[in-house]
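*Asks:* Each chain is listed here by its residues.
Protein chains: 2
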Amino acid sequence: MAGDMNGRQLRRASGALAGFSLLLAGGAGADALIDNVTGMTLNRDGQVVRFKAMVIDAQGKVVRLIAPDEQPPKPTKKNPGPRYDWRADMKGRVLVPGMIDAHGHVIELGLAAMTLDLSDTRSLAEAKAKIAEYARANPERQWIIGRGWNQEAWGLGRFPTAADLDAVVSDRPVWLARADGHAGWGNSLAFKAAGVTAATTAPSGGRVEKPLGVLVDRATELVERVVPKVSPKDRTAAFLKAQQILLGYGVTAVSDMGTSIDDWMTYRRMGDIGALRVRIMSYGMGIDTTVTIGGTGPTPWLYDDRLRLEGVKLYADGALGSRGAWLKADYADAPGQRGLGFLSDDQLQNIMSRAAMDGYQVAVHAIGDRADKQVLDAISELSQTYKGDRRWRIEHAQIVDPADMASFGKLGIIASMQPTHQTSDRVMAEARLGPARLGGAYAWRTLLDDGAKLAFGSDFPVEKPDPWAGWAAAFTRMDAGGQPVGGWHPEQAVTREQAWWGFTGGASYASFAEQKFGILAPGQRADFLLLDRDPLAATPADLRQTKVLETWIGGTRAWARK
Amino acid sequence: MAGDMNGRQLRRASGALAGFSLLLAGGAGADALIDNVTGMTLNRDGQVVRFKAMVIDAQGKVVRLIAPDEQPPKPTKKNPGPRYDWRADMKGRVLVPGMIDAHGHVIELGLAAMTLDLSDTRSLAEAKAKIAEYARANPERQWIIGRGWNQEAWGLGRFPTAADLDAVVSDRPVWLARADGHAGWGNSLAFKAAGVTAATTAPSGGRVEKPLGVLVDRATELVERVVPKVSPKDRTAAFLKAQQILLGYGVTAVSDMGTSIDDWMTYRRMGDIGALRVRIMSYGMGIDTTVTIGGTGPTPWLYDDRLRLEGVKLYADGALGSRGAWLKADYADAPGQRGLGFLSDDQLQNIMSRAAMDGYQVAVHAIGDRADKQVLDAISELSQTYKGDRRWRIEHAQIVDPADMASFGKLGIIASMQPTHQTSDRVMAEARLGPARLGGAYAWRTLLDDGAKLAFGSDFPVEKPDPWAGWAAAFTRMDAGGQPVGGWHPEQAVTREQAWWGFTGGASYASFAEQKFGILAPGQRADFLLLDRDPLAATPADLRQTKVLETWIGGTRAWARK
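In the order they appear, the protein sequences are chains A and B.
With the first letter of the first sequence counted as 1, position 109 gets the number 436 in the numbering used here; the numbers rise by one all the way through.
With the first letter of the second sequence counted as 1, position 228 gets the number 555 in the numbering used here; the numbers rise by one all the way through.
None of these hints come from the bench; they were simulated from the model.
Because the structure is a prediction, the values reported are computed rather than measured.
Among these hints, one or two may not hold up.
All copies of an identical chain are treated as equivalent in the list; a pair is satisfied when it fits inside any one copy or across any two copies.
[As the list claims (entries may be wrong)] Dumping the calculated DSSO-like pairs for lysine-lysine here, alpha-carbon to alpha-carbon at most 30 Å:
id	residue 1	residue 2
1	K519	K457
2	K714	K560
3	K780	K388
4	K843	K791
5	K791	K889
6	K714	K556
7	K519	K874
8	K556	K780
9	K714	K780
10	K405	K519
11	K700	K401
12	K519	K560
13	K556	K537
14	K537	K405
Generate coordinates for the entire structure from the input sequences, incorporating the hints supplied.
*Replies:* Put into structure tokens, the structure is as follows:
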């Protein structure tokens, strides 16, 4: 269990009388000194600022940074110099702002950690062995639930089938989500429970693969509605698990993309008992959920800036891997298929309008270039009516027609992108799109140059919530193995500092939180990390190996490596 | 708008320097003196305690009461006596604890205040005139929504029909809830929108009256599902309206009996922005809603003890007026009919068990003697498994078979009753039950004598949330007109003090809040009222006329008469 002594406790430990005398000395006693650090942060202009110490106040906010060359004035009787209520000697360790994930799924991360994980399997045979082992080890589970399979990573050349699964689990239903969450793979008992056969007609926006085994996008609902519901106890456990994972990676704030009512209630329960540490900027799953939570508009910041309903998460299309992404032209590896648009232009605009009317921020998932165009057109139209600082967000923006790039900047749109998707997806993306259409793929550099605001995340649990991997991928376009050498379409790399901004100030701006946290500067919440290395000096490969030693949120240590 | 200067503001108004010097004088400065009152409260034993002043602390809790004959010790240099941060001179006015309504519907009260109210109509003709007038005055409303009609009060001798309504509104749907909320009356356009005809089969637990016009209990859902939803904006307005009404009557805390997800979200939004003043002890509407809100159990007390999810509200039957109450024998005025049980014994026990397992308090609506028996049997059974301080509640307990009375005491059950229901219903109850079965009707005295814990409320908006009327009815069994002289079944009257307890300490005990508020005593929240008369000395008729002058909650003035 991570330690979590806060300023008040440290103060108490240091003796009540001493604290009292300091308090009488002039009221500066409420401040604390985080001393002897190799500190670095970006400033509002995205430039690196270095410091050797940081003063924080009793509210857990930064009072000021002390520059490496700053000399304290010689204390005199009249001016005895600053006095601190407590001081922490960080012994020269590297200190950086907390990392922010601009797009993740908090409860899903915890649930995924509690269920069967196939994301590291490299073949169908390996996956089957792992599923069989999990079923043996968990005889009490009525359903085997899991996720993370990817027939592309397996080199299978087809979707897996129910028969593949029946061969290893035939005594109870099995339901396994694809790595991208846009498809599900079931065994025969799962389909039986759902009343699905190979002859079942998929609902609009979905597909039933043949032979029976995989359901794509909306069709997954046919099975998901019969999967036993996650209990509140499971959800609480999932939250706590996810929070520990995030804090361990140094992630201090998250934009939660698609908060359900049950998720929201879990966050509130955690906040109510003081167990909410990571900051959650929440986007309700669809407009009805959002309005149910927020009522007449976004909530205030709650629990000392740890929770806020910001806006709504919508979907314009599916994912590339399952060919659910909506493209302008046919899939290169599936002629005649262009993927699925989830909503008509009118439907999308009506929902966005309803949200914008009440001041909710709008974040729309759009992966294919056709979907991105649909959302850009909708924002262009709605911007006529809904003026001011709206910060429309497009989530993923994976495949954007180069002709449409400039619209991001023109409309002040936030491109919320996931660098590790690029490194995970590149082979698949080449197959889906063909070489001629890759100019607008994962094109964060062009978007930035064209005026978009970049925010970076991981889309956890689709990818690991590892910001160091994301940071390295963003300025190298190389994966953990250093492949491809020199980077994939390296002209789309941003600088190391731009990438850092995407995971800090850019991500907080993307959720209207830049006055609260994102960088270390006076007035900002003291969310910071102690690291085992200097991320600005490390090679990309070394940066990926960064170990977080301590994670502090609001001036309180929320996690420490054991 | 009511004034609401709190301790902090009063302190500021009295000058920062003065406050500072008091603080230095010994730390007692955080206390305040509510001085010069004619104070009265019950103590934990239900005995009257009188006082002339009350000390409260900065957290809004009672520090101590100062007895009428108490003389302060002569101040000396060493013992200068207590110093207060602020002092309010109440000029001798009567001060009592805030009143608690053990059974109400907060949002419904506000919505009712915003919609057509037929509760004061004395004939069908009068109602029709009022409906026509409302429709003319509100041309923008797509549906005419209202409540409060009672064919008994009209002396109609039958239910009203759709044709009655069509005669006054034929351009849009009309849907009007009966006074008890257990039936709805629609016009032809409402039934057309719902697809309901005289030939429609009622769902189980409901009834379609003929000729078409009124739907009873579960059948009301047929129309209610097509009535436009209440928007979050409406719900916020309804909450604020309800809160003003409650504070004006001197009601400082309420057990909200059937909180929906939307209601809960409204309470939280109000709490989050500091607009929640009245204390809400919430019972989720059914088990699913309760579990969605509370997850693994009741929430903590939130917002300085202003909101807590306590448990679940369930229904065993309907209401007496609409003959939905479930009786052991036939209705005297409808041979062959015994009303409706909503759940089988197994269903009821399973739901109660699911709730009790997670520590939710269970409150079951049971009006007819058969329904009360069903709930008593369920509690008897479940008490074998769920031990400890459970405080099972039966809501209304209007008609209880005398043979079943003792079970309340034996099982430690709370009888949550509404004295004004007795005065409103007595003629109807005589008709429904006949004279021979009235011995167990509204029998709060026998229940109390048999060991039940009494909690009193109004069931607002079914009745006005007027605790002074409720208090007077409880010890006189007479209505506002003094009828019947000598009281209806006066042997069932409790004492004036017992009735007061039902609206204060008894009501807080009934929701596990007796450590928080309910009486004025050290450690209790300083929830109190200033009144224009002495409720212990007033005649019953005068007591009903009590005017609340100021309502204070947690040491802060939340409402003042203009």
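*Asks:* Give a verdict on every hint.
*Replies:* Here is what the structure says about each hint:
no.: 1; hint: K519 / K457; verdict: within (23 Å within a copy, 57 Å between copies)
no.: 2; hint: K714 / K560; verdict: between (43 Å within a copy, 22 Å between copies)
no.: 3; hint: K780 / K388; verdict: within (26 Å within a copy, 51 Å between copies)
no.: 4; hint: K843 / K791; verdict: within (26 Å within a copy, 46 Å between copies)
no.: 5; hint: K791 / K889; verdict: within (21 Å within a copy, 61 Å between copies)
no.: 6; hint: K714 / K556; verdict: between (41 Å within a copy, 29 Å between copies)
no.: 7; hint: K519 / K874; verdict: neither (46 Å within a copy, 67 Å between copies)
no.: 8; hint: K556 / K780; verdict: neither (38 Å within a copy, 38 Å between copies)
no.: 9; hint: K714 / K780; verdict: within (18 Å within a copy, 59 Å between copies)
no.: 10; hint: K405 / K519; verdict: neither (83 Å within a copy, 85 Å between copies)
no.: 11; hint: K700 / K401; verdict: neither (62 Å within a copy, 84 Å between copies)
no.: 12; hint: K519 / K560; verdict: within (28 Å within a copy, 44 Å between copies)
no.: 13; hint: K556 / K537; verdict: within (27 Å within a copy, 42 Å between copies)
no.: 14; hint: K537 / K405; verdict: neither (84 Å within a copy, 92 Å between copies)
Hints 7, 8, 10, 11 and 14, counting from the list given before, are not met by this structure.
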